[in-house]
Every structure is written in C-alpha cells, then in structure tokens.
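> So you can see what is in the structure, the chains are spelled out below.
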Amino acid sequence: MLSRNGASGHPGYYERSRGSVGIDSQNRVFHVGTDVGGTFTDLWVSDGAGPARVFKTPTTPDVMTGVMDAVALAAGTLGLSIGDFCVRIRRFGHGTTVGLNALLTGTSARTGVIATEGFGDTLEIGRIRRQTSGLSEYEVTDFHLHNRYPPIVPRHLVREVRERVDATGRVLIPLDEAQAGAALEELAEAGVEALAICTLWAQANPVHEARLKDMAREVLSDAFLCVSHKIAPVVGEYGRMATTAANAALGPVAGRYLSRLEQSLRDHGMTVPLLVMTNAGGVLPTSALNDRPAFTLFSGPAAGVIGSRVMADRLGRDNILTTDIGGTSFDVGVIAEGRPLASTEFSVAGADLRLPSIDIASIGTGGGSIASVEFGDLTVGPRSAGSTPGPVCYGRGGQEPTATDADLVLGILNPDDFLGGRMRLDTEAAREAIETRIARPLGLDTIRAAWGIREILDNNMADLLRRVTIERGHDPLTFTLLANGGAGPSHAWSIARELGLGGFVVPAAATAHSAFGCGTGDLGMSESTAVYVRVRHGERPSDAALGAARDALERIERVVTYHLAAAGAEGDVTLERFAAVRFRGQTNALDVPFGGAGFDATIYDTVIDGFEAAYERLFGRGAGYRQAGFEIVELRVSGTAALAAATATGHGDTPRAHGSRPVVFDDPDAPVDTTIYHVDYPAPDSEVHGPAIIEFPGQSVVVPPGAIARADAYGNLHVTLEARP
Amino acid sequence: MTDQSPILYEIIRSRLMAITEEMRIALQSVSGSPTVTDASDFFTGLFRPNGDFATMGFQVTYQAPVVGHLIRHINAAPDKYRPGPGDMFLGNDPYVGALHQNDVQMCGPIYAGDRIIAWAGVEAHETDVGGMDFASWSPKARDVRQEGFRVPCMKLIDAGVLREDVLDTILTASRLPDQLGLDIRAFIATINVAQNRIDQLVARYGAEVITGVMERMIDGSEARVRARLADLPDGTFRATDFLEHDGHDNRLYRISVAMTKTGDRLTFDFSGSSPQAPGFVNCTRSGLEGGVAGAMLAMLAYDVPWNEGVLRTAAIEARDGLICTAQFPAPVGAATVEAIWVVSNVAVAAINKMLACSAGHAHRAQAVSSGTMATFNLGGVNQYGEPFGLHLMDPLAGGSGAFADKDGICAGGPINAPMPSIADVERNELVAPLFYLYRRMGHDTGGAGAMRGGRGVEIGLTLGGISEAEALIMTHGAEVPNTAGGFGSWPGATVTQAMVWGGVEAGARATGETESFGPKPGLMRMTDRDLFCVTWQGGGGWGDPLDREPEAVRADIASGAVSPEATLTLFGVGENEDAATTARRRSDMRAARIGRAPSSAEVSGRTRMSIGPNLRVVELDGAYHVVSAAGARLSTDHTRWREGAITVDLTGETGAQRIALHEDLRMTGYYCPLSGQCLAIDVHERDGLPADDIDLALP
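Chains as they are written, first to last, in the UniProt record's numbering: chain A, 1 to 725; chain B, 1 to 699.
Extracted from the complex, chain A is given alone in its bound form (with noise of 0.2 Å):
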C-alpha cells in the first residue's frame, strides 16, 4: 500500500524563499499545484519568473479546508488577498488522496452490484487472490492474516439479473426486464447512493448495461451510475466489476469534492478549470472526471512521477529513476527513455482495479523502519514505528530504535533543526536505545550499530531499485537517481552509490515534488479496449480480426482526442499507441508501442516484431518462442496535450555555513567533520564541496567527502559524486 507518512501537525508554514517577498507589479499570473498527503496538504507556485515557492498547511479531515488554508497561506505571503491571487491564477492542479482514504476506511458511499444471473458472488470469490490484497510479503505466509478486507460491496447489497452475453458477443439470454426492474426497486429500497452495473461480456456488447443503466435512471434517479463496458472495457469480470463498484462508491464523494472545491476557487475569482492529476499521469478538468473518480485514486504518486517526467525534459535526461523516501514506505517511480512505466492493474482494499495507471514499485522501508535483533540476526523492518509513536528520538513513547535515530546518532540528522526547527530530536535517547537494543546483543558499538542499520536500509532500498530497472531490461547505471521527501536527500548519495550511479539530484521543489507535479504536468487521457487477435504459427491475422482492431482502436482515439480537445488541449494532442501482446497461451502480456495510423497487417508485424525485441530483452536471448503464436488482447491510446507552464528560474541565495558537526560516512571508527550549511533557495551555480550537510528546511541534502553539490537554474541541486577506483 502506498501511504505517505510524515511529520506531525503543525500550523502552516512555507518552505523555500524564507526571507522577504516582494509585491510584484499588477500583471503578475501564477501556476499552482496542490497535492493533499495524510499529514500535510502541499502547494507550490510558480509566478514565472522567480523561485518557484512551496507551502505547507497541516491536512483537515474534510480536505477542502487543507487547501484552502494553503491558498490562504501563499496569498498572504505573496502580499495579496486570496481574491487577488485566485484571479491571477492561470493553472490550478490538484492531486488528492481523498478517493484512496475513503475506499481504505469504507467511507464511501452505499453502493449496490447489478451482475449476471449466477455470477453475484463475483466479489467476494475474488479469484481467490482478493484474500491476500493489501497483505506485504511478509504478511502473505501467515493465512491467519489473509482476507483483510471484505469483498468492495457487501453481498446483500448485489443483485444477479437474468441476461447473457456470450464471448463473441452474442446475446445468448435476452436481458428480463421485469427481475432486473424489481432488483432495482430492491436496491433503492436498500439506500444505495451509488451503482455499478457488470454483466458478463458487456466489453463486447454493452447493449444490455445500456437498457439497465436507462431502466436505473428511472428507478434511481439521485445515484451515481456506472457501467462496466465504460469504466473498464477490460476481460475479466472480477477487476472490471471490482474497479465499476470502487468508482461508484467514490462518485458522490469525490465528485462532490472536487466540485465544492472548484466552486470555492470560483468564488474568489478563479477564472481557470481546476486540473486533477490521474492515476495515468495525466491532468484532466474535473468535468472529464465526474464519472469515473477512481482515474484519481493514486493523483499524489503518479504526480510525484511527472513532476520528475518535467524536470527531467528540462534537465535533458531520458532515465529517472525518482525515490521518496517517506516515514513507512520506500517509493520509486521509472521513468525509461522519457515515459513514465505504466501498469494495467493495480490492487486497494481488497480490489483489483483494472485501470491504465503510472506503475509506483514500493516497499515498507522508510525513516520509521525498525531496527531489530532476533537470533542473533539484525533486520530493519518491515516494522515501522510510524509518526506514532515514531522514532525515539521524537520523545513520544517510541522504544525501538529506528532508521531515523540511526541517521541522528551518525550526525546526518541535526537535533535542534529537524523539519525546519519545528521539532527536536533527543539523540541521547536514540543512541541508548541502538545501544541496548542493538548494539549489545550483537558485540557492536554503537555507532557501527547505527552505520549497519543505515547500511541495510540503504542496501534494501538499492535492491527495489535494481529490481524496477534490470527485471525490466534496463541497465540501472543509465538512470539518474532523483532524491524525493524529507528523507530522501540525506540516503541518496549511499544508494547511489551501491547502485554505481555517479550522483543524484536533488529537486528543487523535493518536499512537494507532487504539488510541482500537478502544477506542471501536461493534460493526458489513457483509454484501452479489449480486442483479441489471435493468430497461430506461421498464420496471417484475419482481416475481420485485423478490421476489428482498427475499430477499435479509431473508437478510443476519438475518445481521446475529443476528451482532451474539451479539457482546453492548447496545440497538437500526441497519441501513443500501445498493443498488449503475449504469446499464445501466456497469461501475462506486454505493451508495446508501434506508431502508425489505424491497424492493418502491416502493423501487425511491427508490433510482433516490437514485441519479440522487447521479450528477448526482458527475458534474455532464446526466452522467445514464436511457435506458439500469438495474441493480441487489448489496445490502449495515450493522449498528451502540453499546457503552458511556468519556469521558474533566477535566483536565490549562497549556502551559509553554519558551524560543523562529526558525521559517519563510510568507516564507523573514522566520523569526519563536516561543515553544515543552511540555504532555503540555492542561487544557481552555487557549490558546496564535500564533506558537508546543506540544510534545507524540511529536508538535509548529503554531501559526502570527495562530493561536489552544485545549483541549476532551476534551484535543483546536483550531487556528484567522487569517482571511486
């Protein structure tokens, strides 16, 4: 599961450009993106021509406060009243994790199945994988913990109609009007706000989820309806109903939402359409929206993504492997030869959502991972301390030493200015607890007790990243590490290095990186189709299966096309084209892209071609296996229209030194001194040589010996690192 975890609840307060503002003249517009984590709601902006700025207010349970108070915030620190900043607002994105909160807390709305006669408990049988949904690989062993949430709609709650279609799409069992009429009444009866409609086959011939959507209009006129051929025109009727139901439960929250927040922006003078980053990387207007809420479910992680796709197009790098390291989670997103890695599937609460999505490899690794020795063995994690009660070093009941009271014995963290000031750290007590803990039962002192424990979470951490790049047939060292969230900057020069990479970056808008994210992403629509093209050896696809493609593939390209056309696309709209290709009788496929207009045979081999190229050098020469033949079994269309964004650039401050301090690199027995240094916006081409700690605030970047930091224009910071023999 992917959670963001980070400080505790403090009044707002902004980060980067500390010192004065000044009130620039009346023709000033601003880019704004927000994204709303579990603890703080994050806003940067952009007026285009200096340091772009970031604001943080703590998060409110409705949500919409949180934002507001952001806005409010950047206002007011921009010497302007909320209604003159709203009306010189030019782009406003938004990210928000309110749609995954309320599906983890079975808070969303009361939501009722429609499904085919005989398939009802298509939910709760979940392929038999629902029972192990949201479980770690830890978790996964132990059958006592499996089925940890119940199936996404309660079987009283699921009606089966009488109706069938068959897989060529053939209406086998005309749809029984009368049942399916008392079935509804049945379910309004029952209260349900929201309905998902799933008939077997409707991918192939909607015509029956059609007349039931219309007979549901009638019978419930006040619920957000939803049909499955719409939402997820996948096969498979266990993730196509799952991801129908999840985003039925959702619309009346979030659309509700995300329309009482444009409104807000609205009435204190935003002219713009508020933008939401989708799970696909993409922003859309909340109009494109309405209907299918769960797009939006992951906007906070796939936005952490663009902001890097965005910083990256600016740095010129093609390869970003981006991390944020949060309090419980270890998070890394790839970006390969300029495109995000998408995933087709994704599981939340127990379901199997079927949506195009950025794909976010995670493990539970993070500042709170607690240190432990069992049997004489020293692991960190997969237990985590949290925020709370949070390391020992936070004075809040934590016992267990942890990777953060770790990196403050080392001399990494910085007692008296943790989280710009706002809290201090004990290391007295964190050193006692490695001390008693961990370094006694193993015969360590203890300060290499608190080198092994960074050690290995560095170590586990460069495994993940190993993992997302070479089992996808990348070569890690091509990449350029990004180093995201408030622990990120201090661990990434040891990952880097374990990884042979030559340095990281360190981004200017780090602590926000998917506030920047949605504040400059481009407007983007993923749609697929299931189509199946099968083909056996040394066999030509048949021209009604080739024809059938084309269709296909022209439908989502209209969908797109128009979607983005009606979201304020300014200038051309780029379509990607992928087909989901595996050799006949695989379960798994692969997506390959192939250009091109329409689908005929010609395309057809490039795609088999694509798709043999790119097997071999996933699985290695000879994996291939041509005599089996092959199918194609969905088509998807990417859809990227760029929206004016603001550089920001300019200027910003020379790093200060700020006294020193006895850090622990590489040798535990040799801690080296290493200067300290506080800057909130680096002014470009500003240099800090190694050894040194550039505090920022919310954030330490380090720089270890031999290393050499140094600005952009941008205020990204770039770590190199010494060249080692």
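Just so you know, these hints were derived from the structure itself, not from any lab. Worth double-checking, as some hints may not be accurate.
SDA-like mimics (lysine to any residue), calculated; alpha carbons at most 25 Å apart, straight line [what the hints assert, rightly or not]:
(1) B/K406 with A/R621
(2) B/K406 with A/R129
(3) B/K406 with A/E139
(4) B/K155 with A/R621
Model the placement of chain B on the given structure of chain A, informed by the hints.
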C-alpha cells in the same frame, strides 16, 4: 562459514531474497501454463551445493523439497552427469524426487571458479507430459510406465548451449508441445537470471561470503522453528483422513499420522496408513515429504523465512509400500491431488491440535482447508480450430478452515499456496471452449461450528463455440469429508459432481437428465448441450455450532452462507425469533444429544493448560484431569478424554451439512456428559473408533 558481520549478512540475505523474487517474476511472466500463472503451482529457489534450499518464492509449498532431490541425484553420480559451468539439467521422475511426472524441474549449478557454490532450481506443473490419457492422469493406469514420460535427469543445456535434439524429444511426447516449450524456455530464463545475479554478488563479496550466508539463513530458520516448538506442549497428536477410489475400484484408503513433539523436535509417523493402491492415487516418498513440508511451512513457519531449516526440525517415519511411500512401478499420476493432498490434510490437522493446546498459539489454530482438488480436464479441438487441452484451476476455490478466533474464508482455497488465484470466467471463455452458467458460493458447504468454515465454490458449465469434447472428471472427497473440523465442529461439505445431459439449451438451463457421479467417473464425451455441475468442499469449522453467536448465524442466513433449514438443524437458530426461543431450542438440542437435561458441576483445582476452546487440564489432589467447560471430569492421569464423553453415531445425520459418506465410513460425535456440548466429531472406518487424537505429556 566465514566470519560475517551481522550487517553484511543481512545485506546479502536481502539480496538473495530479491533474486528469488526476480526468478519468480521471470518464470511467471514467461510461462504459458495456467497452473503457473494462476495457481502458482511452481517453484523457484536457490540451493546450497548439497541440495538444501536456502530460499523459495511464495508458491505451492509441496514443491519445497523437490528440486533438492534432483540436485542430490546429480551429486550422487557426478561421473554420469558431469555438471559444468553453463549446464542445466531437467528431470521429472517421481522415483527420483518429483511429486508426479507433470512436475518438470530444471536446475543449474552456479560456479565460482571451478567450484559449485550454489544451484538455481525451478519447477512447474505441466498440463500434459504424455502417457495414455490427456493431462497424463489416467484412472486406468496400473503402472507408472503407462503415465507421462519420466526423465530421471538429463542435461538440456550443455555449457550454455541448448540441446535442441533433446528438447525435441521431450516436446514430442507431450500433447501440448507449445505450452511445454514456452515453459522450458521460461525455466532457462529463470535460471539465467539467478546465475547472472549470483555471479555479480560473488564478484563483489566473494564466494565464501555468499555460501556462508546461505548456510546461516538455513540455520536461522531452523533455530526459529525449534524455538517455537520448544514453546509448544509435548505430546502425540493424531489425525486420520481418507481418499476414496483408486481409478479402478471405489475402495477407501487411509492416511494416518501420529505426530510426536518432544522438546524442539517433531516426528511424523505415517505407519498407520493403507498399503499402496493399484491405481494413480499413490505418491512416492518425495510426495510424502512434500505434503508434510506444505503443512509445516504454513502452520509452523508462517513468520519464518522458508527454507530447508524449517524442515530439519522434523523426521518422517513410514515403511516402504504404503499409499504415501509407493514403490516402483506403482502409478502416481494424480499424486498431488490425491495422496499428497491428504498427507497434507492430516499433517495440518495434527499440527493445529498441538497449537490448540498452547496458550500463545491457540487463537490461530485452524481447521482443515479445501481438503481436495477436484479435476476437470477437457480436450479436443477448440473454437479456433486448434487442438487444445485444459486443466481447470477453478477447483482451487474450496473453503478455508475456520480459525479458533474467526470464520474460515469463503473461497479461501487450500493452504498449500500462500497466494493462490484462479482465472476470470471471461478469460476461460475467451481462450478455451467453455461456457459457464454460474460460478458462485455453495451454501451449507462450510463446516458448522462456533466459528464456521469458509464456503466452497460451485460452478455449472458447458462447452462454448464447439459442439463436443472429451472430459476427464475425478476427485476424492466426494464420499469423504476431508476438511476435518476442530473441537466439536462439523467438517465441510463433500464434493458433489454431476452431469445434466441435455441440461443446456442455447446458453440457458434446460431440464435434461441428471446423472450424479461418484468420485471418479473418469473420461467421457460431453456436448454443448450438457451441463457439468460441481460443488467443492467447504472448510472445517471450529467448536460446537450450538455455541455460535445467534447474530452470526442470522448474518449467515442473510448472506446465503447457510440455508434456513441447516441453520435450524445444525446451529439451533431460527430466522426470526427472540433470544429466549433460541436459547430454549439449543438447550433442548443439547439434552437430546445426551438423553438428559443439561447441567454443570463445580470444579476446583488449578488449570494447567487448555485443550481447544472447551477442555482444560486441571491439577487436583496431585493428579491431572481433563475437565469440560461444564465441569465434567472426562479422564484422569492422561488426556485421552474421549473415554469420559458420550458418543453418538452421526452417520445418518450428515444431510444438512451436505456430506455424503463412503460405505466404509462412519461419523461419531463426542459430547460432554453434563452439558451436551459437542467436543469432537470424528470421521472413521466402519470397524471401530479411532485412537484418541491428543495425548499430552503430563508433568
């Protein structure tokens, strides 16, 4: 072992786990077998040079010891097999170490210089490896040589070069050469991944460090399981289960275990099992080891890294020639779903009886899950005009056994795979000529208990897009309730399978003529007008059903888990009634069990331990007594408490629980003589009651 710091150890241990995960992804991504991609009936792992596994993925646990046997086989004849760098070996012989011939294994040595420092191993269930019937499971076989091909061990990759001639020989023997060909390539890719990653580790840290870490990982898991065992009560715990029909005759076979725990050691004694059968239901000794491994990993090592160290804590005793130690040339084609599955059932039951007597573990003690895997294989020409063969994975969707503290999971499946999965109905209908009329939960299938067993799933299907095909239908557990309940609960329902000839008309249900099947009807033609209906076993329950919260029973009625009739008969709860009515009915039912009004007695003395939810061992006047919740003293100086209970023959009462009993089986309930609380329900042979199942070592 070289001296490693705990820090270096942990770093390399994590890396080896990451490599194992990469191996899993490589295999599962490339494989063309639904047994691999959905049912996760495969294995990936890293081995020490001697064949001990140091890591494994989260796959079918019966397979844990299997590839190790192949490696030991190579080690025992180095001059014959001559392993060298870049080599990979293939084997599938159940008389060498496979569970049955469908389990095709490959392994490759990993070298540092000229020394083997580890092996990478992989295995997957292949749908067809030849033999007289499709899927290589032949009910008619009397000899292993009539079943799938057997390869004791052969070199498929010689110094990095694939021996195409050898591969052709293998593929030619299969009815599904494309599927097998894809999978063998997946094996190669998987071993390549492991060799490549380990090479990098060796280059950086040195071979000694890597081998030392693997050794320590195994020692570490052994130490953890031994510590857990030391914390559990000493004693002997027995369980018996049966399978019926050997392919030729509907005979009953017994698999019986006496598990003795002393200190930090376990012994599983299977001597009480039936002699080997003339048909394909047997398993070899490697199957026996696999079944026990499956139970131990899930039930004793749920939070311990899975490797050879877990298995080292136990010894297995069984003479040759039993149904679970069959001797050449006994057929073993269906071993995994027959003898091995039942071995696992009894090992699970015995371990959980032990857990139920431990204060620290009693809450997580579990009844038996999904006691069978019924088979529906289909072959012919599919809707695309291609020859096809399908091994339906849906039968994994039986119910989980109840835990002491919560109900079993409906469609939770067996405990032999931590992350099981079945395919969507739509996927099955797209790639195979199937058409489902329903796939749903089977009511009244979960064992009735204070905690209810999970429901099993049931399906009804016919052919789609073709007019006829050949089906192979077989199971055990149609007349044996394999999912034993715990401490007074019912077992889950038995499998029912039937064909409704002419039961489908244009995709809709038609009247037709129903033929109910026994356990193994075998091969038959079916058409797109015939409806095959099957309901799989629910999980066993836990505790007396009359102790189930009335509210939970009413929720079962609302969800359809239990029918109103069964609620009344088994749980004593009516659909719309007040608490007093329910209490009165339940009291009457308890009275009927023992033939007098329920009562209770005061018991003094100190409780020394508990046996399940309702029995205690009490120390009084220098002696130990087993005492029921109502205060009845059932046994003294030993824990064979059944001698003090009232027994009732339940053989004629199994209808409400949807249980059919083989003619040689009986069911007996044991009740507290004071309260009428049900303390145990045993399924046993006609000729007599079984031995007591919990014999604790008293101080």
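> Does each hint hold? Answer for all of them.
Going down the list of hints, with the structure as the test:
no.: 1; hint: B/K406 with A/R621; verdict: violated, 50 Å
no.: 2; hint: B/K406 with A/R129; verdict: holds, 19 Å
no.: 3; hint: B/K406 with A/E139; verdict: holds, 18 Å
no.: 4; hint: B/K155 with A/R621; verdict: holds, 19 Å
Hint check: a violation occurs at hint 1 only; the rest are consistent with the structure.
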